[in-house]
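Asker: Take a look at the letters that make up each chain.
2 protein chains.
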Amino acid sequence: MTNFKAILASHANQVENALIELLNDHTLEYETTRPEKLMLAMRHSSLDGGKRLRPFLVMESARLFGIEPAQSVWAGCALELIHCYSLAHDDLPAMDDDDLRRGRPTTHIAYGEDTAILAGDALLTLAFDVLARDAVHINPAIRIELVRLYARNAGLGGMVGGQMLDLEAEKKPHINEQEILTLQAMKTGALIRCACETGAVLGGASKDQREALLHFGAAVGQAFQLADDILDETATAEAMGKQTGKDADRGKGTLVSLYGLEAAQTRANELLEEAIAALQPFGDDASVLIDAARFTVERES
Amino acid sequence: MTNFKAILASHANQVENALIELLNDHTLEYETTRPEKLMLAMRHSSLDGGKRLRPFLVMESARLFGIEPAQSVWAGCALELIHCYSLAHDDLPAMDDDDLRRGRPTTHIAYGEDTAILAGDALLTLAFDVLARDAVHINPAIRIELVRLYARNAGLGGMVGGQMLDLEAEKKPHINEQEILTLQAMKTGALIRCACETGAVLGGASKDQREALLHFGAAVGQAFQLADDILDETATAEAMGKQTGKDADRGKGTLVSLYGLEAAQTRANELLEEAIAALQPFGDDASVLIDAARFTVERES
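Chains as they are written, first to last, in the numbering used here: chain A, 18 to 318; chain B, 18 to 318.
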């Protein structure tokens, strides 16, 4: 294995610093004031959190084309802001009604439902503010392509649509394999694919290279979700920093409930092989991304 | 008066058709499916609604520079989508808890709170998808400038920040004039200013022209809000299509409660004069915009 964990931690640290810079109290042009409670809730929703897998995938896929992490971290941050807003909204009482996330109170528990809704709205909006900045890429055509990509992957036909399908699925007596795959490809898969494609866009990849990264992202996304569902059944709440076993309690259909644990693990490994194969055109340069794919399947939290 | 009302209605019709096109059931690239319930809620939140004042301001300010409404309608739609998402979220039980909007049930009453949250999220995201499209402007540098503008005016230092200040203000025993002005400039003023500035950006305006339109937008925004507060005290629920007198019932500080009705009306007229003066550099070309400013002050609903 490469020094993957060190790179993951280093990128996460860069992302954290960039997010701290974005969410400080200094007003920018067009801002009279940054309301204190809103800023606290936005920081609560986005700082000090998670493995930063999506920005990592942005930064490592961009590095295949010689783009330095110091630059790609901004597009990575924009994607992470979208991910964080979605968590703040998904945790709301009217949605998944979760009190705990990453071992801490969720945003609405800490700051109230109204503020959590607004903090999510503001994080999503900030993501596009970030994408509009020169720091993302000097070429406006590339920045606007990322806006298009992020909006489509995060929106009605992507992440938000997937969350809608998920809420609907909970109310159904039965959900079949194809429905689960579509739902998951949208709800969690879209942003992971988008992360990998971002590297291709930032790096001016060829059509084939972009396809390869999209293929990789799709396989990793599916494997990541399978691993999540497996962990939801097998891991402790302590290890995960959030409630586990919730899906089963809700009678929520997952591929684990459909395939069984063992077959789900086998399928996750197949997807891992698929992800690795997709990166063959990049040779040894892709070794960190390959380790990342391995990590998503083999992680214990 | 120019044939202002006819132009307002014609633009509103173009906006409606563009929104219908954006919110149909046909999937685009990157979309596997558009979840039915989400689409219904998004249409409910955005179609058949309101005067479309913000797109109107986009379209008429762009026309000062020879940009046809058939083109500027797309940037106008993007802004309207942001406005509509904010209404769906502001109406939620955790926020203003409104059951009625434009004489119809609010989105969460019609489709449930979870779907209303997601519909709002998806409308906001779609706004940026629209801004990324060639139809907005052939030059990507102009499109990305609009992304930056919309994100800053809609986000933590703009509309969302203003809504946060508004929620905070309701809990305070007293709010002073400057606090009300800041809150309103952010909550409602920002998108109105943004609409006028959009025309300048689409049209490649000079710095002075852009400043003039920003000045106009700021004055119209303030006048619009004053008129709203006056109507909240004087109009019937029937005329407004929503509950009135709610601000007073909540003990919410508005400029009307601070100045009194008569002085508020005088101030609105002063702002109208300021708005008209700002457009002097454009001569007769600005007559429709001037009528629009007059309308925002003199409207009865």
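Derived from the structure by calculation, the hints contain no laboratory data. Here the structure is a predicted model, which means the values were calculated and not measured. Incorrect hints may have been included.
As the list makes no split between identical chains, a pair holds if one copy fits it or if it spans any two.
Unchecked claim - Below 20 Å or equal to it, Euclidean Cα-Cα: the simulated SDA-like pairs (lysine to any residue) are:
| no. | residue 1 | residue 2 |
| --- | --- | --- |
| 1 | 189 | 51 |
| 2 | 22 | 68 |
| 3 | 22 | 196 |
| 4 | 54 | 122 |
| 5 | 54 | 188 |
Asker: What hint numbers does the structure not satisfy?
Answerer: 3
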